[in-house]
Amino acid sequence: MGRYLATRLSHVVITLFAMMTLTFFLFRLLPGDPTAMVISPALDPAAQEAMRVRFGLDRPLVEQYFVYLANLARFDFGYSFRTSGPVWDLIQGRLVNTLLLILPSMTAAYAIGAFLGAYIGWHRGSRTEAGVILVATILQSAPLFWLSMLAILFFSIKLDLFPTGHIVSPGSFPEQTWRMYLTWDFLHHLALPFMVNTLYQLCFPLLLMRSTMLSTVGEDFIELARMKGLTERQVLFRHAMPTSLLPLATTLPMILGWAVAGSVVIETIFSWPGLGLLMVEAVTQADYPLVQGAFLLIAVLTVTGTFVADMLYGMLDPRIVYR
Amino acid sequence: MHQRSNINAEPVLHIKGLDLSYATAHGRAAALTNISLSLAPGESLGLVGESGCGKSTLLKAIMGVMPSNAAIEGGQVIFKGADLVAGSKEAWRKARWAGISMIAQSALNALNPVRRISAQIAEAILTHKSMPKSELRARICHLFEIVGVDPERIDDYPHQFSGGMRQRVLIAMALALEPSVVLADEPTTALDVIVQDQIFNRLRALRDELDFAILLVTHDLAVVIENCDRIVVMYGGMIVETGPTREVVRAPSHPYTLGLRNALPRLGVDYEPIAIPGRPPDLVDPAPGCRFAARCPFALPVCRVVTPDLLPSTPDRAARCHRAGEMETLASLAGKVETWNRVGDLANAP
Numbered sequence: 001m002g003r004y005l006a007t008r009l010s011h012v013v014i015t016l017f018a019m020m021t022l023t024f025f026l027f028r029l030l031p032g033d034p035t036a037m038v039i040s041p042a043l044d045p046a047a048q049e050a051m052r053v054r055f056g057l058d059r060p061l062v063e064q065y066f067v068y069l070a071n072l073a074r075f076d077f078g079y080s081f082r083t084s085g086p087v088w089d090l091i092q093g094r095l096v097n098t099l100l101l102i103l104p105s106m107t108a109a110y111a112i113g114a115f116l117g118a119y120i121g122w123h124r125g126s127r128t129e130a131g132v133i134l135v136a137t138i139l140q141s142a143p144l145f146w147l148s149m150l151a152i153l154f155f156s157i158k159l160d161l162f163p164t165g166h167i168v169s170p171g172s173f174p175e176q177t178w179r180m181y182l183t184w185d186f187l188h189h190l191a192l193p194f195m196v197n198t199l200y201q202l203c204f205p206l207l208l209m210r211s212t213m214l215s216t217v218g219e220d221f222i223e224l225a226r227m228k229g230l231t232e233r234q235v236l237f238r239h240a241m242p243t244s245l246l247p248l249a250t251t252l253p254m255i256l257g258w259a260v261a262g263s264v265v266i267e268t269i270f271s272w273p274g275l276g277l278l279m280v281e282a283v284t285q286a287d288y289p290l291v292q293g294a295f296l297l298i299a300v301l302t303v304t305g306t307f308v309a310d311m312l313y314g315m316l317d318p319r320i321v322y323r
Numbered sequence: 001m002h003q004r005s006n007i008n009a010e011p012v013l014h015i016k017g018l019d020l021s022y023a024t025a026h027g028r029a030a031a032l033t034n035i036s037l038s039l040a041p042g043e044s045l046g047l048v049g050e051s052g053c054g055k056s057t058l059l060k061a062i063m064g065v066m067p068s069n070a071a072i073e074g075g076q077v078i079f080k081g082a083d084l085v086a087g088s089k090e091a092w093r094k095a096r097w098a099g100i101s102m103i104a105q106s107a108l109n110a111l112n113p114v115r116r117i118s119a120q121i122a123e124a125i126l127t128h129k130s131m132p133k134s135e136l137r138a139r140i141c142h143l144f145e146i147v148g149v150d151p152e153r154i155d156d157y158p159h160q161f162s163g164g165m166r167q168r169v170l171i172a173m174a175l176a177l178e179p180s181v182v183l184a185d186e187p188t189t190a191l192d193v194i195v196q197d198q199i200f201n202r203l204r205a206l207r208d209e210l211d212f213a214i215l216l217v218t219h220d221l222a223v224v225i226e227n228c229d230r231i232v233v234m235y236g237g238m239i240v241e242t243g244p245t246r247e248v249v250r251a252p253s254h255p256y257t258l259g260l261r262n263a264l265p266r267l268g269v270d271y272e273p274i275a276i277p278g279r280p281p282d283l284v285d286p287a288p289g290c291r292f293a294a295r296c297p298f299a300l301p302v303c304r305v306v307t308p309d310l311l312p313s314t315p316d317r318a319a320r321c322h323r324a325g326e327m328e329t330l331a332s333l334a335g336k337v338e339t340w341n342r343v344g345d346l347a348n349a350p
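Sequence lines, in order, name chains A and B.
First residue of the first sequence: 1, per the working numbering; consecutive thereafter.
First residue of the second sequence: 1, per the working numbering; consecutive thereafter.
None of the hints are false.
Only pairs whose alpha carbons sit at most 25 Å apart, straight line, appear in this in silico DMTMM-like list of lysine to aspartate or glutamate:
1. B/K89 to A/D220
2. B/K80 to B/D19
3. B/K129 to B/E145
4. B/K129 to A/E232
5. B/K94 to A/D220
6. B/K94 to B/D83
7. B/K336 to B/E50
8. B/K16 to B/D211
9. B/K89 to A/E219
10. B/K89 to A/E232
11. B/K94 to B/E10
12. B/K16 to B/D282
13. B/K16 to B/E50
14. B/K94 to A/E232
15. B/K129 to B/D156
16. B/K133 to A/E232
17. B/K16 to B/D309
18. A/K158 to A/D185
19. B/K94 to A/E219
20. B/K16 to B/E73
21. B/K133 to B/D150
22. B/K16 to B/E186
23. B/K80 to B/D211
These are calculated hints, taken from the structure and not from any lab test.
Nothing here was measured: the structure is a model prediction, and the numbers come from that model.
Produce the entire structure from the sequences given, and follow the hints as far as they go.
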């Protein structure tokens, strides 16, 4: 276990390092001169040059890269080209907003997906099963942005039940503070993107759980559990469901990636001031330090999630031995 | 083996005229037809027949745990005087394991791979009665001891045991509530002969000690000879012969039993086992007459028209054959390969 943990952690470090390197060089390969965005071409050429020197953009790319790495080692993500403020300050608040939307939503999606999938797999051939599968397949194949817009159109514009976007009513909290998360207004704004994302993300665990259940139901140990005199409910919740959870756990890392991708779409459409929206803004404005910071943070989240899922798998299935 | 004295006592399990069918794509398959048998307290009854003859189906029907496409169409399963088929589902559920338990066939698949053995035995006990935790653990340890597995290992997972040990664990689980009937579905098929022998010795000793009745299902006649007081031979979902094991094996009253006996290996003799040619009968649309007629070297025209009844010859023996009376003469022919080859030629003829 100890050795496995060490190997696995070294993989985490290597992945993150590769990620840092990639984000650094990839965005510099993009067309467009970022300096044009930050440094006004109207300025005196000497002043422009002075600015370049200040941001370190006059030095060779490789040198810039090592400076970037050295700063990262000190948890210094640099300064945004656009606001000139520290990247970490910009990201921090956005990260909280994203997590408050994505974590509950993904947890709900997984919990509902697992239970509903187990239920319909257990009641194979029922009308409920057919209906749920139909709806889940439609939801899963629909693009997330389209679902979001439909939801806004119907629930916000037509029924006027929820606001069309933003995290709180504009103007109510000029500065982001923790107090705004404790308001009804926040929950009111959270409701629609939460529901859309949950509904969209629960289809995959639901369908996977159902198909795993179908094969579990035919297992000998399920029959033996019945023979022991367990009630149907006990057979389902003690034997069929826990055993069927294993494939779901293996797909967790993949889902984390989807959650991130989903957050970009959801946040853009609902104007949710999270990391996803920040990334879209940063990319379109060629704000390198900000993009690097945001990407790195998402990489850290995903890689950590994968690591946790790996450990979780060993807990769910005792046959897995870490070497 | 030791003949039990209480065979004529009130049966603990009595099956009367049980009919069961499976819904298949081609129609309903009559998996069990008019099955009647009884099990006296402490008795061991062997149930033999080829794959698909309905042995395992019968055990599942007795437990009341059948696949969703199976339906009991008639008959009774009387356990300690009460008919489980006619009673409520809940009553049947309560009788399972507490009264009638089962030693499953495949020890690897019958145990849940992700739960500890102790938890799997504990839940069987707790479903039927409440027990303090310390007593429960002591009970599970005791069960491990009586089947010969180290009680230290009750918290292990199934994959941490060898095949033979897993089978012992299943026996321990079956005895958890001191049932009066234990059904054993080919409990040793996956094991080598030495472990197989150990398991049966253990099972016999436990039966003598705890006095439960065993219904042992197997396709191995030798296992029945060694372990069972009485034998029931099944073919195509019907009982074709029944009686005390020794008598039935010494002088079968049905050609199918003769055929099974030919498959027994004999030590020290240059001997080639003889196979019964042909295939098991079609149970969806069974041919008229005796179900074994198509594979029987002694079939008469009447056999293909009239289904014979299971008729007693002595108080404890019965056979379902029109020629049961001539079996002594036929038995000498049944020992020859040519006799069975003749059927094979007929069966393979276009």
